[in-house]
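Engineer: Protein sequence lines correspond, in order, to chains A and B.
In the numbering used here, each residue's number is its place in the first sequence (first place is 1) plus 14.
In the numbering used here, each residue's number is its place in the second sequence (first place is 1) plus 14.
Please keep in mind that the hints were generated in silico from the structure rather than gathered at the bench.
Worth double-checking, as some hints may not be accurate.
Claimed, not checked - Footprint (simulated), chain B over chain A, 3 or more residues, beta carbon under 8 Å:
id: 1; segment: 138-148
id: 2; segment: 182-194
id: 3; segment: 255-265
Claimed, not checked - Only pairs whose alpha carbons sit at most 16 Å apart, straight line, appear in this in silico EDC-like list of lysine to aspartate or glutamate:
id: 4; chain 1: B; residue 1: Lys192; chain 2: B; residue 2: Glu239
id: 5; chain 1: A; residue 1: Lys108; chain 2: A; residue 2: Asp146
id: 6; chain 1: A; residue 1: Lys229; chain 2: A; residue 2: Glu381
id: 7; chain 1: A; residue 1: Lys192; chain 2: B; residue 2: Glu236
id: 8; chain 1: B; residue 1: Lys189; chain 2: A; residue 2: Asp235
id: 9; chain 1: B; residue 1: Lys229; chain 2: B; residue 2: Glu381
id: 10; chain 1: B; residue 1: Lys53; chain 2: B; residue 2: Glu82
id: 11; chain 1: A; residue 1: Lys287; chain 2: A; residue 2: Glu301
id: 12; chain 1: B; residue 1: Lys189; chain 2: B; residue 2: Glu293
id: 13; chain 1: A; residue 1: Lys189; chain 2: B; residue 2: Glu184
id: 14; chain 1: B; residue 1: Lys98; chain 2: B; residue 2: Glu82
id: 15; chain 1: B; residue 1: Lys192; chain 2: A; residue 2: Glu293
id: 16; chain 1: A; residue 1: Lys189; chain 2: B; residue 2: Glu293
id: 17; chain 1: B; residue 1: Lys189; chain 2: B; residue 2: Glu239
id: 18; chain 1: A; residue 1: Lys262; chain 2: B; residue 2: Asp257
id: 19; chain 1: B; residue 1: Lys189; chain 2: A; residue 2: Glu184
id: 20; chain 1: A; residue 1: Lys229; chain 2: A; residue 2: Glu239
id: 21; chain 1: A; residue 1: Lys189; chain 2: A; residue 2: Glu381
id: 22; chain 1: B; residue 1: Lys262; chain 2: A; residue 2: Asp257
id: 23; chain 1: A; residue 1: Lys75; chain 2: A; residue 2: Asp235
id: 24; chain 1: B; residue 1: Lys75; chain 2: B; residue 2: Asp326
id: 25; chain 1: B; residue 1: Lys189; chain 2: B; residue 2: Glu236
id: 26; chain 1: B; residue 1: Lys192; chain 2: B; residue 2: Glu236
id: 27; chain 1: B; residue 1: Lys75; chain 2: B; residue 2: Asp257
Said to hold, decoys possible - Here are some chain A residues the structure puts well away from chain B; computed CB gaps all over 10 Å:
id: 28; residue: Thr81
id: 29; residue: Glu105
id: 30; residue: Asp169
id: 31; residue: Pro297
id: 32; residue: Ser324
id: 33; residue: Thr345
id: 34; residue: Ile360
id: 35; residue: Glu365
id: 36; residue: Ile390
Since the structure is predicted, the reported quantities are computational estimates derived from the model, not experimental observations.
Glycine included, each C-beta is placed from N, C-alpha and C at the ideal position.
Number of protein chains: 2
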Amino acid sequence: MGLHKLHKQQVVDPSSILSNLHNQSNLTEKLQCLLEFIKQRHCFINRIAVARYDETTDIIKTYTHATEGKNPIPLYQTRLSESKSLTEIMEQRKPRILNNMNPLRSLKSEHSKKVTELGFQSSYTVPMFQGDQFLGFVFFNSSIFNAMKQNVVTDLTVIAHLINVLIVNELSFIKTTKCLTQSVATLANYRDLETGQHLIRVSHFSRIIARNLAKEAGLSDEYVELIFTFAPLHDIGKIAVADAVLCKCGKLTDEEFIMMQSHTTQGREMIEKLQNNLELLSPQSCEILKNIIYSHHEKWDGTGYPDKISGDAIPLEARITSVADVFDALTSKRIYKDPWPVDKAIDYLMEKRGSQFDANCVLKFLENRDEIESIIDKFHETYEPGITI
Amino acid sequence: MGLHKLHKQQVVDPSSILSNLHNQSNLTEKLQCLLEFIKQRHCFINRIAVARYDETTDIIKTYTHATEGKNPIPLYQTRLSESKSLTEIMEQRKPRILNNMNPLRSLKSEHSKKVTELGFQSSYTVPMFQGDQFLGFVFFNSSIFNAMKQNVVTDLTVIAHLINVLIVNELSFIKTTKCLTQSVATLANYRDLETGQHLIRVSHFSRIIARNLAKEAGLSDEYVELIFTFAPLHDIGKIAVADAVLCKCGKLTDEEFIMMQSHTTQGREMIEKLQNNLELLSPQSCEILKNIIYSHHEKWDGTGYPDKISGDAIPLEARITSVADVFDALTSKRIYKDPWPVDKAIDYLMEKRGSQFDANCVLKFLENRDEIESIIDKFHETYEPGITI
Numbered sequence: 015m016g017l018h019k020l021h022k023q024q025v026v027d028p029s030s031i032l033s034n035l036h037n038q039s040n041l042t043e044k045l046q047c048l049l050e051f052i053k054q055r056h057c058f059i060n061r062i063a064v065a066r067y068d069e070t071t072d073i074i075k076t077y078t079h080a081t082e083g084k085n086p087i088p089l090y091q092t093r094l095s096e097s098k099s100l101t102e103i104m105e106q107r108k109p110r111i112l113n114n115m116n117p118l119r120s121l122k123s124e125h126s127k128k129v130t131e132l133g134f135q136s137s138y139t140v141p142m143f144q145g146d147q148f149l150g151f152v153f154f155n156s157s158i159f160n161a162m163k164q165n166v167v168t169d170l171t172v173i174a175h176l177i178n179v180l181i182v183n184e185l186s187f188i189k190t191t192k193c194l195t196q197s198v199a200t201l202a203n204y205r206d207l208e209t210g211q212h213l214i215r216v217s218h219f220s221r222i223i224a225r226n227l228a229k230e231a232g233l234s235d236e237y238v239e240l241i242f243t244f245a246p247l248h249d250i251g252k253i254a255v256a257d258a259v260l261c262k263c264g265k266l267t268d269e270e271f272i273m274m275q276s277h278t279t280q281g282r283e284m285i286e287k288l289q290n291n292l293e294l295l296s297p298q299s300c301e302i303l304k305n306i307i308y309s310h311h312e313k314w315d316g317t318g319y320p321d322k323i324s325g326d327a328i329p330l331e332a333r334i335t336s337v338a339d340v341f342d343a344l345t346s347k348r349i350y351k352d353p354w355p356v357d358k359a360i361d362y363l364m365e366k367r368g369s370q371f372d373a374n375c376v377l378k379f380l381e382n383r384d385e386i387e388s389i390i391d392k393f394h395e396t397y398e399p400g401i402t403i
Numbered sequence: 015m016g017l018h019k020l021h022k023q024q025v026v027d028p029s030s031i032l033s034n035l036h037n038q039s040n041l042t043e044k045l046q047c048l049l050e051f052i053k054q055r056h057c058f059i060n061r062i063a064v065a066r067y068d069e070t071t072d073i074i075k076t077y078t079h080a081t082e083g084k085n086p087i088p089l090y091q092t093r094l095s096e097s098k099s100l101t102e103i104m105e106q107r108k109p110r111i112l113n114n115m116n117p118l119r120s121l122k123s124e125h126s127k128k129v130t131e132l133g134f135q136s137s138y139t140v141p142m143f144q145g146d147q148f149l150g151f152v153f154f155n156s157s158i159f160n161a162m163k164q165n166v167v168t169d170l171t172v173i174a175h176l177i178n179v180l181i182v183n184e185l186s187f188i189k190t191t192k193c194l195t196q197s198v199a200t201l202a203n204y205r206d207l208e209t210g211q212h213l214i215r216v217s218h219f220s221r222i223i224a225r226n227l228a229k230e231a232g233l234s235d236e237y238v239e240l241i242f243t244f245a246p247l248h249d250i251g252k253i254a255v256a257d258a259v260l261c262k263c264g265k266l267t268d269e270e271f272i273m274m275q276s277h278t279t280q281g282r283e284m285i286e287k288l289q290n291n292l293e294l295l296s297p298q299s300c301e302i303l304k305n306i307i308y309s310h311h312e313k314w315d316g317t318g319y320p321d322k323i324s325g326d327a328i329p330l331e332a333r334i335t336s337v338a339d340v341f342d343a344l345t346s347k348r349i350y351k352d353p354w355p356v357d358k359a360i361d362y363l364m365e366k367r368g369s370q371f372d373a374n375c376v377l378k379f380l381e382n383r384d385e386i387e388s389i390i391d392k393f394h395e396t397y398e399p400g401i402t403i
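Using the sequences and the hints given, assemble the complete structure.
Structural biologist: In structure tokens form, the structure reads like this:
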């Protein structure tokens, strides 16, 4: 074997193409590198796409894709139950080979339309699982007919399973972050008067607001999930406040009130100290977490604490959590008060919108009264003393 | 295509073989499934093995393997620097193809000997990375010469990268668990008189004991790492003890002492409550963690608390942490005392071996006096008030 041949071999060395998989690149870059790899063998494969499934909404969404050339792929989103063929692939846990996509063109489903619009003639669809949990699909497409012969399918299957493992990896990161933050929140709560159920409700209420704001404010799915994940940590700084102040039943003196207020500053300091340990959180995520902890007692009109900032200067995530936190405090029982009826609490939010609260956050929250009540029902107080997870 | 042919195709359906990858199986089972898959195409591949690299010791260890037939593979362990060829593969980040392993037989290195003893004639070795961090190797072996032709190598390369992603997954689980437990320990410590440095030292001291005990007690590498990970959590229950008791400088009354002692019970309760959140920890790991928290104040002669159990009835992990914790308390400065010199603290451990402490744990600890002193040096107290991570 001459040097020239050796050199040529190195150029197409599959291992050097694949080695990018293990750099810090994101999933999209990883898919691109897998497409490049598979095209060395089967140049007629033009696209790899990953669609994720969200079981709470039954929605299948394109998560990411690698597509050859400049052909832009419109993101699609559909209910799984609306696609009979995808549902079948999921239920039977078996891939589907289509070597002629023409029959799909006559189908009316959103999914079939979107897929055939792109001009592909063959497709191979592999369901992804983690244990029994269905995660979504990997789609391979080719612009030629009969592309998915047995040997091609075998090669694509390995790639599909590699992608499956990459997805499991990403999910385990998110799951872990949730687990970490929930555990810390529960521990912090051990000394608090409030129950774990309060934290769960605040978490859900915050998500309602963020989700309803998302479209007009251009918030990403990821941001909404981070709000949901981090909202229960808003009072974590209370762990550092002395019992004498934290557990006092009567009215606080001015000095004690200052100590109590310090929970926002102390909380942010904690997170800053923890930042080394929390290396699994990205700097952006950490910023959101710190903003919630530090600024959830600021008021829209600048009369809150610790910085007396106002309006848009208060980070959105803190404005969201503040509405959720106060609403839940009002509708919960406390040693010194009965729970307010939902109507009365809503009146309070409406009255204080534009002074205490971001008016838009209040309005977006109240768009879903049914959902609010179902959260109150689902996560009601238990009589167990101490914490409840 | 007749039904018979379709049935036959399903039997060797590569996707059904690979679907086991995403069940709850461990890495060994996953390798077996990958070997089965690759043998469908290249029946002469007889073995896949994964070796992990530990950079603190420069040791390469067989982590797991799948080997065809009953041929038992002796585990080997070697310093990476002792194998010139493996070092080269690692440094150049390029796989190595060997289609004739005979030349290896004349080499004297431990690694070459072990590999050729197995009767393999061809091998393909792929280094694993996560970003710039070298993780180890994937080895493929065949008992025939010239097995590693280009198309075989390409197939094996995808498998190697799939294994690389699986390893990254396992590591991220361990990293996460450490991160979670350290963060919680640091938070719990926020109200405590002790510093974060104390927790780090106890962690290292505990690992010395566990490691030195490992051979005679048959402890796994995993157990030793869990001890290291969980030791800093031993006092987590103090988060639930009132300030008045926890922060009291003078002698505790009997009643206060009982409250202080309750940190073991409270700590275990916390972990039990958290167990749902800590779903990333296996039940076995959770048991070890709870034993450390609940029983680290038991004494060998049965005079400790909370259960007054004695001898072997005290879980080993609690006996280990107890020696490490007391030794560090003695050699550290406290408000009420100067740090003891190392010699005096060692005398104390020796005097109390067999009464307060498991004598064997004390002896194994003292085998490494140099290491103990280097840990004291490395993680000495800082003057920053509050916590130190």
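Engineer: Hints first: check each against the structure and report whether it holds.
Structural biologist: We went through each hint and held it up to the structure:
1. For a cut-off of 8 Å, the count of residues in the segment 138-148 of chain A with a CB near a CB of chain B stands at 5, and the three-residue condition holds.
2. With a threshold of 8 Å between beta carbons, the proposed coverage of the segment 182-194 of chain A by chain B holds, since 8 of its residues qualify and at least three are required.
3. Counting residues of the segment 255-265 of chain A whose C-beta sits closer than 8 Å to any C-beta of chain B gives 3, which meets the bar of three, so the coverage hint holds.
4. At roughly 10 Å between alpha-carbon atoms, Lys192 of chain B and Glu239 of chain B fall within 16 Å of each other, so this suggested pair holds.
5. The suggested pairing of Lys108 of chain A with Asp146 of chain A holds, with an alpha-carbon distance near 14 Å, which does not exceed 16 Å.
6. The hinted pair formed by Lys229 of chain A and Glu381 of chain A meets the criterion: a straight-line CA distance of about 14 Å does not exceed 16 Å.
7. With a C-alpha separation of about 25 Å, the suggested pairing of Lys192 of chain A with Glu236 of chain B is violated against the 16 Å cut-off.
8. As the CA atoms of Lys189 of chain B and Asp235 of chain A are separated by approximately 26 Å, the hinted pair breaks the 16 Å bound.
9. At most 16 Å may separate the alpha-carbon atoms for a hinted pair to count; Lys229 of chain B and Glu381 of chain B meet this at roughly 14 Å.
10. At most 16 Å may separate the alpha-carbon atoms for a hinted pair to count; Lys53 of chain B and Glu82 of chain B meet this at roughly 10 Å.
11. The suggested pairing of Lys287 of chain A with Glu301 of chain A holds, with an alpha-carbon distance near 13 Å, which does not exceed 16 Å.
12. Under the criterion of a C-alpha separation no larger than 16 Å, the hint pairing Lys189 of chain B with Glu293 of chain B is consistent with the structure, at around 15 Å.
13. The hinted pair formed by Lys189 of chain A and Glu184 of chain B meets the criterion: a straight-line CA distance of about 14 Å does not exceed 16 Å.
14. Using a Cα cut-off of 16 Å, the hinted pair Lys98 of chain B and Glu82 of chain B is violated, with the two alpha carbons roughly 28 Å apart.
15. With a C-alpha separation of about 11 Å, the suggested pair Lys192 of chain B and Glu293 of chain A falls inside the 16 Å cut-off, and the hint holds.
16. A distance of roughly 10 Å separates the Cα atoms of Lys189 of chain A and Glu293 of chain B; the hinted pair therefore holds under the 16 Å criterion.
17. Restraint check for Lys189 of chain B and Glu239 of chain B: satisfied, since their Cα atoms lie roughly 11 Å apart, inside the 16 Å limit.
18. Between Lys262 of chain A and Asp257 of chain B, the direct Cα distance comes to roughly 13 Å. Compliance with the 16 Å bound is thereby established for this hinted pair.
19. Taking the CA atoms of Lys189 of chain B and Glu184 of chain A, the gap is near 14 Å; set against the 16 Å cutoff, the hint holds.
20. Under the criterion of a C-alpha separation no larger than 16 Å, the hint pairing Lys229 of chain A with Glu239 of chain A is consistent with the structure, at around 15 Å.
21. Proposed proximity of Lys189 of chain A and Glu381 of chain A is contradicted: the alpha carbons are some 29 Å apart, above 16 Å.
22. Pair hint Lys262 of chain B plus Asp257 of chain A holds up; C-alpha atoms about 13 Å apart against a cutoff of 16 Å.
23. Between Lys75 of chain A and Asp235 of chain A the CA atoms are separated by roughly 11 Å; this keeps the pair inside 16 Å, and the hint holds.
24. For the proposed pair Lys75 of chain B and Asp326 of chain B, the alpha carbon gap of about 32 Å is over 16 Å, so the pair is violated.
25. Only pairs whose Cα atoms come within 16 Å are accepted, and Lys189 of chain B paired with Glu236 of chain B is accepted, the gap being roughly 13 Å.
26. With a CA separation close to 13 Å, the supplied pair Lys192 of chain B and Glu236 of chain B stays within the 16 Å bound.
27. Among the hinted pairs, Lys75 of chain B with Asp257 of chain B is inconsistent with the structure: their alpha-carbon atoms are about 48 Å apart, more than 16 Å.
28. Here Thr81 of chain A stays apart from chain B, with its beta-carbon at least about 21 Å from theirs, past the 10 Å limit.
29. Every CB of chain B lies more than 10 Å from the CB of Glu105 of chain A, the least distance being 14 Å, so the non-interface label holds.
30. At the 10 Å boundary, the C-beta of Asp169 of chain A falls inside the reach of chain B, the nearest C-beta of that chain being 8 Å off.
31. No beta-carbon of chain B is positioned within 10 Å of the beta-carbon of Pro297 of chain A; the least distance is around 16 Å.
32. A cut-off of 10 Å between C-beta atoms confirms that Ser324 of chain A is not in contact with chain B; the least separation is 31 Å.
33. Its beta-carbon lying about 24 Å from the closest one in chain B, Thr345 of chain A satisfies the requirement of being farther than 10 Å from that chain.
34. With a cut of 10 Å on Cβ distances, Ile360 of chain A stays outside the contact zone with chain B, its closest approach being about 32 Å.
35. Every CB of chain B is more than 10 Å from the CB of Glu365 of chain A (nearest about 37 Å), matching its label as outside the interface.
36. At roughly 22 Å, the least C-beta separation between Ile390 of chain A and chain B is larger than 10 Å, which holds for a residue marked as non-interface.
Checked against the numbered hints listed earlier, the structure breaks hints 7, 8, 14, 21, 24, 27 and 30; every other hint is satisfied.
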